[in-house]
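Engineer: Given chain A, work out where chain B should sit, using these hints.
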Amino acid sequence: MSADKPAGAGVKGKGRRGGHLRVAGEPGPVAVLKGGGSLERTVSLRSGARAESACKRLGHRVVGIDVGPELVAELLECQPRVAFLALHGSDGEDGTVQGLLETIGIPYTGSGPGACMRCTDKSLAKYLMREANIPTPPFAAFKETAIKDLGIAAALPGLERSIGFPLVVKPARQGSALGVKFARSHEDLPAAIVGALSYDRAVVLERYIRGRDLAVSVLDSETPGESPIVLPVVEAIPREEEFYNYESRYEIGMTTFVCPADLPEGVTERAQDLALQTYRLLGCHGVARVDLMMEETTDELTVLETNVVPGLTATSLLPLAADAADIDFDALIARILASAFTR
Amino acid sequence: MREMMALTERPDVISLAGGLPDTSTFEPALYARLMSQVADGSTARALQYGPTEGMAAAVECIVEVMAAEDTVIDPASVIVTTGGQQVIDLVCKALIDPGDTIIAEAPTYPGAVPTFGAYQADVIQIEMDADGMPIDELESTLDRLAGEGRRPKFIYTIPNFQNPGGVTMSLPRRRRLVEVARERELLILEDNPYGLLRYEGTPLPTLYSLDAQTGGPPTQGASGDGISSDLVIYLGTFSKILSPGLRLGWAVAPRAVLEKLNLGKQGADLCSSPMTQLFVAAYFAERTPAGEPAWIEYVRRLRDLYRRRRDVMLDSLTEHFGGRASWTAPEGGLFIWATLDGVDTTDLMARSQGVAFVPGRSAYMDGHSGSHSMRLNFAGVPDEDIREGIRRIGKTMGGDTGLFSALTGATADPAGVKGKDAAATPDLAASEASASEKQAKRVRRHKA
Chain A
0 MSADKPAGAG VKGKGRRGGH LRVAGEPGPV AVLKGGGSLE RTVSLRSGAR
50 AESACKRLGH RVVGIDVGPE LVAELLECQP RVAFLALHGS DGEDGTVQGL
100 LETIGIPYTG SGPGACMRCT DKSLAKYLMR EANIPTPPFA AFKETAIKDL
150 GIAAALPGLE RSIGFPLVVK PARQGSALGV KFARSHEDLP AAIVGALSYD
200 RAVVLERYIR GRDLAVSVLD SETPGESPIV LPVVEAIPRE EEFYNYESRY
250 EIGMTTFVCP ADLPEGVTER AQDLALQTYR LLGCHGVARV DLMMEETTDE
300 LTVLETNVVP GLTATSLLPL AADAADIDFD ALIARILASA FTR
Chain B
0 MREMMALTER PDVISLAGGL PDTSTFEPAL YARLMSQVAD GSTARALQYG
50 PTEGMAAAVE CIVEVMAAED TVIDPASVIV TTGGQQVIDL VCKALIDPGD
100 TIIAEAPTYP GAVPTFGAYQ ADVIQIEMDA DGMPIDELES TLDRLAGEGR
150 RPKFIYTIPN FQNPGGVTMS LPRRRRLVEV ARERELLILE DNPYGLLRYE
200 GTPLPTLYSL DAQTGGPPTQ GASGDGISSD LVIYLGTFSK ILSPGLRLGW
250 AVAPRAVLEK LNLGKQGADL CSSPMTQLFV AAYFAERTPA GEPAWIEYVR
300 RLRDLYRRRR DVMLDSLTEH FGGRASWTAP EGGLFIWATL DGVDTTDLMA
350 RSQGVAFVPG RSAYMDGHSG SHSMRLNFAG VPDEDIREGI RRIGKTMGGD
400 TGLFSALTGA TADPAGVKGK DAAATPDLAA SEASASEKQA KRVRRHKA
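Protein chains in written order, with numbering that gives the first Met the number 0: chain A, 0 to 342; chain B, 0 to 447.
Please keep in mind that the hints were generated in silico from the structure rather than gathered at the bench. Worth double-checking, as some hints may not be accurate.
[Unchecked claim] Sample of chain B residues at the chain A side, in silico, Cβ under 10 Å:
(1) Val-342
(2) Asp-343
(3) Met-348
(4) Gly-401
For every residue, glycine included, the Cβ atom is placed at its ideal position computed from N, Cα and C.
One chain only, chain A, in its complex shape (with noise of 0.2 Å):
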């Protein structure tokens, strides 16, 4: 668009409203950028709703922005001194939205371009993790034109073997559990890839790892140069334990959040010692979640994927790990904020 242009060309004239123009000398308000046209919607209209509020009470003037094809035109418009990016879902999270924001040099909150790729690609995230000797349950990514011009249907029994059964099918760049599916058997394998693969162009099997769901999300020091905070560890447990219900079991009100989690001696240490491994692996800035399993009968961690912007939804697992370390939700989006400038 203008990258270009002096910032603020383009958009006088147009009979845009006049509220959120800079006056001279003032610093540029906070933007919050949320909504957006992904199926995380509503979940990011609502941690942007929260973040917004927090950094009025932290003493900034916030400018609320629901990111759609107006983006550019509105932040040359606000000339924000920083973006807080709670925008989940695919622009949001892929890198799209911060590579925009480093073209038109406005200093924005967590991942960078980069990182986000490498973290929003399960499949990419997981062959780093493999090289890098993190555990990553055993797993097969392709892309769907490997399925219509490189007969990948040939190799599938291999693939099932290598993998086992049962097995979960992602599609492998979509944030929530939307699109992810669960194969018992050979003959439920076709349905789920084709499902999987109608949220995203590409699909990773990943072996069902039976046990417990841990989150431990990393937050970035407020003095530079220090090792980020690791907080404690969210356990997610579902009030129902079925199979077939595995879908839902990421659905609101059928999973109980405990922090900290109660684990066996030492599993704690190392979950969080694996969170920050992978954060620094795949390269994440001021604030990550890391999502990973426990083996229910060896208690072996392996580390399933990691979220570049987590949630702040009063049910979100980032505030819930905060908060267990005794920062609250103004203190988190305070220290998020402050990592836009350590970059």
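Structural biologist: Frame of chain A, contents of chain B only:
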């Protein structure tokens, strides 16, 4: 589901998901004149609280609509509500304690699903066929429940052009349903928002009128006046025949229930808006040059418009879904229910670019039945958008099927279901594969 519905608000999306009538057909000048008539003539009343049961002027209009439905009622048995949706809420509030049983059709009105869930009702859904709810299935379900010492608090049904199923309960089944309810002393909640939006065929009597006229010996509390039912709570609304923006509906209910609804409404909102009640009253006083009530003429125009749109959608379905799906051909109402061969409609919606519909799961309490079906609204959508929307869905379906074949090496359709003739008789019972699913099933409440 909610996540996906949020996307339908985007301007580039053709939404076949709404439950919308087409309000653009209402004449703006008439709307302005009626509003100023209310403002000038009834300022104080319009701005004041009204009676909880509704204003007499609005109840008169309701009596008129009920008469058009061939149902004579006692004005004293009416309560005016804030939309038909409030009736469902108030009935649950009055009758349902957590764990109580409700019987509903499968699929059922997606808007009732969260309400039933919120009151923690145990909803048993009975799979419909082309004639609506099979009453023999209902009876065997009731027998089974009786064996468990359970008794439903009410039977929820939409007999005309069911939402979302699009089917109409046949006359013999209506009669039998009323008989069964009478034999077993069960309440029926008859939800009839679309009765006057019939595009073909003969109107069928309401359950309310059937019970009032042909009910057996009056049970305790029955008025025995031949016009009041003591088993049926009737739900009506101005939303589909006039405007959902008015938020005006009503219940006609047996006295004991009516008192509870009134109490519940006092707690909920004291009264429905006098402003819109007076608007309706002013509108119902309007006459055409020929002396006919203007609202009757308006409903006729809506019927013509919606009939054409229904036909456009049926034609588009044949063109774009043919051989890969079955669907209902409703005689009225707003919706068509389509069931696809082996395609999960929630996934399909995620994949469909620029078109929205209601995935079938929203019509089931368990959140996963109906996964191959979808509800399509034709009434509130212009012809060209109907054609384009159905084309887009059909195109996406094609992609799914191709992938599936590539994975399985099969040339047949994905689920191994025989492709149905596009013009097949609408048969909701055939929409879900397994026989066990067809049976009345005990569906646990789904925490949303």
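Engineer: Hint by hint, note whether the structure agrees.
Structural biologist: Here is how each hint holds up against the structure:
1. Val-342: This interface hint holds because 8 Å falls under the 10 Å limit.
2. Asp-343: Where the cut-off is 10 Å and the nearest Cβ of chain A is about 5 Å from Asp-343 (chain B), the hint holds.
3. Met-348: holds, 8 Å
4. Gly-401: OK, holds: Gly-401 (chain B) within 10 Å of chain A, min 7 Å.
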